[in-house]
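**Q** Below, each chain spelled out in residue letters.
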Amino acid sequence: MEFIKPDINYNFIGNRKVGFVISAILIIVSIASVVMHGGLNLGVDFVGGSVVQITCSGETTNIKSIKKALKPMNFKSITVQKIEELGSRKNSFLIRVNRTTEEASHLAEAMRTALEKAYGPGTIQIDSSDMVGPLVGSELSRQGRNAIIAAIVCIFVYITLRFDMKFALGAIVALLHDIIITVGALSIANREFNLTIIAALLTVVGYSINDTVVVYDRLRENLRRSRKKDFSEIVNRSINETLSRTVLTSMTTLFVLICIFVFGGGAILNFAFAMIAGVAIGTYSSIFVASPAVVLWEDIVAAKAK
Amino acid sequence: MTKSLRWRMLIILASMLVGIVLLLPTLVGKDELPEWWGNLFSDKELKLGLDLQGGAHFLLGVEAEEAIFNTADRFIEDLEMQLEEKKVKYIEIGRLDEKSSEIAVVLRNDADADIFDTLLSEGGGLGELSTISRTTGSAGEVKFLLDFTQDRKAFIRENAVKQARETIENRVNQFGMAESIVQLHGDNAILVQLPGFDDIEKAKELIGMTAQLSFQMLDYENTIADVKAKGAPRDVELLKQRVDDPSTEDGYRTEDILVKKKVLLTGESVKDANTRLDSQNGEVTVILEFDSRGSDKFAEITGANVNRQLAIVLDGVVYSAPRINERIGGGSARITGNFSIPEADKLAIVLKSGALPASITFLEQRTVSATLGADLIDKGKRSLLIGGFVVIAFMLVYYKFAGLIANLALVLNIFLLFAGLAAFGATLTLPGLAGIILTIGMAVDANVLIFERVREEKRLGKKIGASINAGFGKAWSSIIDANITTLITGLILFQFGTGPVKGFAVTLCLGILASLFTSVFVSRVIFDFILEKKLIKEISI
Chain S
1 MEFIKPDINY NFIGNRKVGF VISAILIIVS IASVVMHGGL NLGVDFVGGS
51 VVQITCSGET TNIKSIKKAL KPMNFKSITV QKIEELGSRK NSFLIRVNRT
101 TEEASHLAEA MRTALEKAYG PGTIQIDSSD MVGPLVGSEL SRQGRNAIIA
151 AIVCIFVYIT LRFDMKFALG AIVALLHDII ITVGALSIAN REFNLTIIAA
201 LLTVVGYSIN DTVVVYDRLR ENLRRSRKKD FSEIVNRSIN ETLSRTVLTS
251 MTTLFVLICI FVFGGGAILN FAFAMIAGVA IGTYSSIFVA SPAVVLWEDI
301 VAAKAK
Chain C
307 MTKSLRWRML IILASMLVGI VLLLPTLVGK DELPEWWGNL FSDKELKLGL
357 DLQGGAHFLL GVEAEEAIFN TADRFIEDLE MQLEEKKVKY IEIGRLDEKS
407 SEIAVVLRND ADADIFDTLL SEGGGLGELS TISRTTGSAG EVKFLLDFTQ
457 DRKAFIRENA VKQARETIEN RVNQFGMAES IVQLHGDNAI LVQLPGFDDI
507 EKAKELIGMT AQLSFQMLDY ENTIADVKAK GAPRDVELLK QRVDDPSTED
557 GYRTEDILVK KKVLLTGESV KDANTRLDSQ NGEVTVILEF DSRGSDKFAE
607 ITGANVNRQL AIVLDGVVYS APRINERIGG GSARITGNFS IPEADKLAIV
657 LKSGALPASI TFLEQRTVSA TLGADLIDKG KRSLLIGGFV VIAFMLVYYK
707 FAGLIANLAL VLNIFLLFAG LAAFGATLTL PGLAGIILTI GMAVDANVLI
757 FERVREEKRL GKKIGASINA GFGKAWSSII DANITTLITG LILFQFGTGP
807 VKGFAVTLCL GILASLFTSV FVSRVIFDFI LEKKLIKEIS I
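Residue numbers (my numbering), protein chains in the order written: chain S, 1 to 306; chain C, 307 to 847.
Incorrect hints may have been included.
Claimed, not checked - Calculated cross-link-like contacts (lysine-lysine; reagent style BS3-like; alpha-carbon spacing at most 27 Å):
| hint | chain 1 | residue 1 | chain 2 | residue 2 |
| --- | --- | --- | --- | --- |
| 1 | S | K5 | C | K764 |
| 2 | S | K228 | C | K780 |
| 3 | C | K687 | S | K82 |
| 4 | C | K764 | S | K229 |
| 5 | C | K508 | S | K117 |
| 6 | C | K843 | S | K5 |
| 7 | C | K706 | C | K769 |
| 8 | S | K5 | C | K769 |
| 9 | C | K603 | C | K566 |
| 10 | S | K5 | C | K768 |
| 11 | C | K567 | S | K5 |
| 12 | C | K706 | C | K780 |
| 13 | C | K449 | C | K510 |
| 14 | S | K76 | C | K603 |
| 15 | S | K166 | C | K780 |
| 16 | C | K687 | S | K90 |
| 17 | C | K780 | S | K229 |
| 18 | C | K510 | S | K117 |
| 19 | S | K5 | C | K780 |
To be verified - For each label pair, taking beta carbons as the anchor points, the in silico distance ranges come out as:
| hint | chain 1 | residue 1 | chain 2 | residue 2 | range |
| --- | --- | --- | --- | --- | --- |
| 20 | C | G771 | S | E233 | 29 to 37 Å |
| 21 | S | M36 | C | S553 | 56 to 64 Å |
| 22 | C | L339 | S | M36 | 53 to 61 Å |
| 23 | C | V703 | S | N98 | 50 to 58 Å |
| 24 | S | M73 | C | S665 | 20 to 28 Å |
| 25 | C | P340 | S | K82 | 47 to 55 Å |
| 26 | C | T667 | S | N62 | 53 to 61 Å |
| 27 | C | A772 | S | K82 | 58 to 66 Å |
| 28 | S | M73 | C | N587 | 34 to 42 Å |
Stated by the list, open to error - Reference excerpt, derived from the structure (chain S facing chain C, CB under 8 Å, subset only):
| hint | residue |
| --- | --- |
| 29 | M1 |
| 30 | Q81 |
| 31 | Y119 |
| 32 | V132 |
| 33 | A151 |
| 34 | T252 |
| 35 | F255 |
| 36 | A267 |
| 37 | N270 |
If you're looking for bench data, these hints aren't it; they were derived computationally from the structure. Bear in mind that the values here come from a model prediction, so they are computed numbers and not experimental data. Glycine included, every Cβ here is placed at the ideal spot set by N, Cα and C.
Generate the whole structure from the sequences, applying the supplied hints.
**A** Structure follows, in structure tokens:
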């Protein structure tokens, strides 16, 4: 079986402007979405606050009635979200409030009491509760940022050593491209940005660079073999030669990610969402961004030399 | 069979054996294995993270400054005592204010001040204090300002955190939560994990209680009204007392009570504490047993204060103030206070394991109920099975016989990954489970790279054997570069991550290493074996 025919030869490099325009649009949309949402939808991991997950076993409830039942607790800000899971008829909700002080220590119990007043005793089960103080939150977000920067720097160094500076530059451009658009996708879907998302972003970085490096490796091999030919033509051939592998690996990875997204529950949903977006965009960028960026760089250098 | 092939097959066999040995403790349970197993091999188990088995996670901040203030207060008592011994009267002695460790000592005149100065320089336990200033006032009084040196303060702080950790560990262990983790986190925080325990209220009371116990005499010379109006004299403090009151929800209310400031005995002298239920009146009490020095001191205190009331103060609240009828020599004391049995049990544990050197704050707390955890495991297993099945089916359809070989490698990969996790005694978290599932997706990548290369070579007209050789050879450099870059991000993730995220990083890294072995080495050996034995004429790919 073959999805991609062996004699395939799309003119990726010749049409690279199309890719650049699409990427530019995606980046602009991503940034616009983040700005329009007033920044990222940061979870309590980063800004502090409390999240309580409850399951109501009594009558069916809805977000509105939960908010009403919790009204006497006088939260300054409260968001209630229903947990939608495939094949599950459970009545579970995430309740997020901004309280982190000592009084919040008994928050989950207090919420249960307030809710049971509305729905009847014994109907509310506390599935999980998270409280993160603001100090811990800012520390975690600092660490998260540092981790992503460290990953990018290390990859830059490794590719410079194994390949060449211009390849490293292309790879980093592709990585930033992937991170921005993945974050944009999260923002557009209004999904919460928390610790597991940082893990997902780093994995996307790892995945995307993996894809890019395979193309670069073929490119290096082809460059060694034929010195005379036009650089951009060799790049184009290398992308085409690895295209089948790029698509296949993406497919298998996306298969399992979709399985996690559909069948896995709870905290992992966000993670799977970010990964699906990231792997899709990472695959795109290793074809349309990473290598074309190297060609662009070569062109600029060549133009300057003239 | 060529020598090289035989060796390589042996290596694979050995890796499978090692895998089985490593996984056995996890599969049959550590306790089921004989003891020599643990000595000979590893008895580390793959544990489930808090998010999967349910439990409570806390990050505690230790108010280390408070430990410095407490130390200062102890020094003040010491100073008072030593001045009294030298028959030096002082005008004032005390901390500058609530939020400062500086001690102000005001003496009547220069002569007294000189005596005090020698007292300080002689040491005698006071050497840790250094004099910041000595000033003479208009009436001839001399004011000293004393404080700890910076080194000393750093030492007290550090010690407070360490001691708090030990105390909490004691409490948690005595409560029967053996799988728990209590460890230092950064400079002044403590990480507590209680797997399988999701009663957050109970856990917090047990951990968070400072449990500073002291025995102080009641004060009879002042009245509560006077103290409220004019402020308390130097040696007296106004505290709250628990009074039994069945009409309230908790069974008690609080009243004001005046207590002498001087601490006669502290919880440090407590050797043991137990709950006792009086079979006659059903009253629950906590029985304290003192160590030998504590017993002597207690006998001395009770002997000297017959017919007066001794207050038992815990964290600033008077639990009971029994009248002393006679000298008590047995070395034990009783705390009553209308306790419920669980409350008394908790109190006993806390008193037995000692006081926290300073109060703590809860910086972060997370709990997951066991039901939610079990639910997540079910879902994880299902995703793992379905994801694995889809990938295996895809490889079979797309690469036919070669796909079968890749699938064998994949199964071995998952097996070795779990064995590796067990060897590290790693904790399987929800993101970790996702990491394993993701590994399945990415593990076949190396085989895809190789097979695509083999197909290319075949298209050039090479025979299958030569194609496979060339395919493996040429794909190698791509595979290495691709996996090292992913490994870099995995390692950074491990370095940065805490808890669940770290679990993900571990599975990701181990997954990459295992897949390098299985997809490149193992699948090659299978190909070579088949080609050499000529089991099949043509390998479909």
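**Q** Work down the list of hints and note, for each, if the structure agrees.
**A** Results of checking the hints against the structure:
Restraint check for K5/S and K764/C: satisfied, since their Cα atoms lie roughly 14 Å apart, inside the 27 Å limit. The hinted pair formed by K228/S and K780/C meets the criterion: a straight-line CA distance of about 22 Å does not exceed 27 Å. Between the alpha carbons of K687/C and K82/S the distance comes to roughly 24 Å, so the proposed pair stays at or under 27 Å and holds. Distance check on the hinted pair: K764/C and K229/S sit about 25 Å apart at the alpha-carbon level, within 27 Å; holds.
A distance of roughly 23 Å separates the Cα atoms of K508/C and K117/S; the hinted pair therefore holds under the 27 Å criterion. A C-alpha spacing of about 26 Å is found between K843/C and K5/S, which places the hinted pair at or below 27 Å, so the restraint holds. At roughly 18 Å between alpha-carbon atoms, K706/C and K769/C fall within 27 Å of each other, so this suggested pair holds. Among the hinted pairs, K5/S with K769/C is consistent with the structure: their alpha-carbon atoms are about 20 Å apart, no more than 27 Å.
For the hint linking K603/C to K566/C, the alpha-carbon distance of about 17 Å falls within 27 Å, and the restraint holds. Distance hint between K5/S and K768/C is fulfilled; the C-alpha atoms sit about 19 Å from each other, no more than 27 Å. As the CA atoms of K567/C and K5/S are separated by approximately 90 Å, the hinted pair breaks the 27 Å bound. Distance hint between K706/C and K780/C is fulfilled; the C-alpha atoms sit about 22 Å from each other, no more than 27 Å.
Taken as a hint, the K449/C and K510/C pair is broken in the structure, with Cα atoms around 44 Å apart against an allowance of 27 Å. For a cut-off of 27 Å, the pair hint linking K76/S to K603/C is broken: about 54 Å separates their Cα positions. For a cut-off of 27 Å, the pair hint linking K166/S to K780/C stands: about 23 Å separates their Cα positions. Between K687/C and K90/S the CA atoms are separated by roughly 20 Å; this keeps the pair inside 27 Å, and the hint holds.
For a cut-off of 27 Å, the pair hint linking K780/C to K229/S stands: about 22 Å separates their Cα positions. For the hint linking K510/C to K117/S, the alpha-carbon distance of about 25 Å falls within 27 Å, and the restraint holds. For the proposed pair K5/S and K780/C, the alpha carbon gap of about 20 Å is at most 27 Å, so the pair holds. Taking 29 to 37 Å as the suggested C-beta distance range, the pair G771/C and E233/S conforms, at roughly 33 Å.
As the Cβ distance of M36/S to S553/C is approximately 58 Å, the hint placing it in 56 to 64 Å holds. Against the hinted window of 53 to 61 Å, the Cβ-Cβ separation of L339/C and M36/S comes to about 59 Å, which satisfies the hint. The supplied range of 50 to 58 Å is met by V703/C and N98/S, whose beta-carbon atoms lie about 52 Å from each other. Between M73/S and S665/C the beta carbon distance is about 26 Å. The supplied range of 20 to 28 Å therefore holds.
Look at P340/C against K82/S: about 51 Å separates their beta carbons, and that is inside 47 to 55 Å. At roughly 36 Å, the beta carbons of T667/C and N62/S sit outside the given window of 53 to 61 Å. Separated by about 60 Å at the C-beta atoms, A772/C and K82/S satisfy the suggested range of 58 to 66 Å. A beta carbon spacing of about 41 Å between M73/S and N587/C agrees with the range 34 to 42 Å that was offered as a hint.
Because the smallest distance between the Cβ of M1/S and any Cβ of chain C comes to about 5 Å, under 8 Å, the interface hint for this residue holds. Below 8 Å, beta-carbon pairs count as interface contacts, and Q81/S has none with chain C, the closest being about 16 Å; its hint is therefore violated. Interface hint at Y119/S: violated, since its Cβ lies 18 Å from the closest Cβ of chain C, which is beyond the 8 Å cut-off. A cut of 8 Å between beta carbons decides the hint on V132/S: the least distance to chain C is about 5 Å, and the hint holds.
For A151/S, the interface hint holds, since its Cβ comes within 8 Å of a Cβ in chain C; the closest pair sits about 5 Å apart. About 5 Å separates the beta-carbon of T252/S from the nearest beta-carbon of chain C, less than 8 Å, and the hint is met. With a cut of 8 Å, the hint placing F255/S at the interface with chain C holds, because the nearest CB-to-CB distance is about 5 Å. Among the interface hints, the one on A267/S holds; its C-beta lies about 6 Å from the nearest C-beta in chain C, closer than the 8 Å criterion.
Look at N270/S: its Cβ only gets to about 11 Å from chain C, farther than 8 Å, so that hint breaks.
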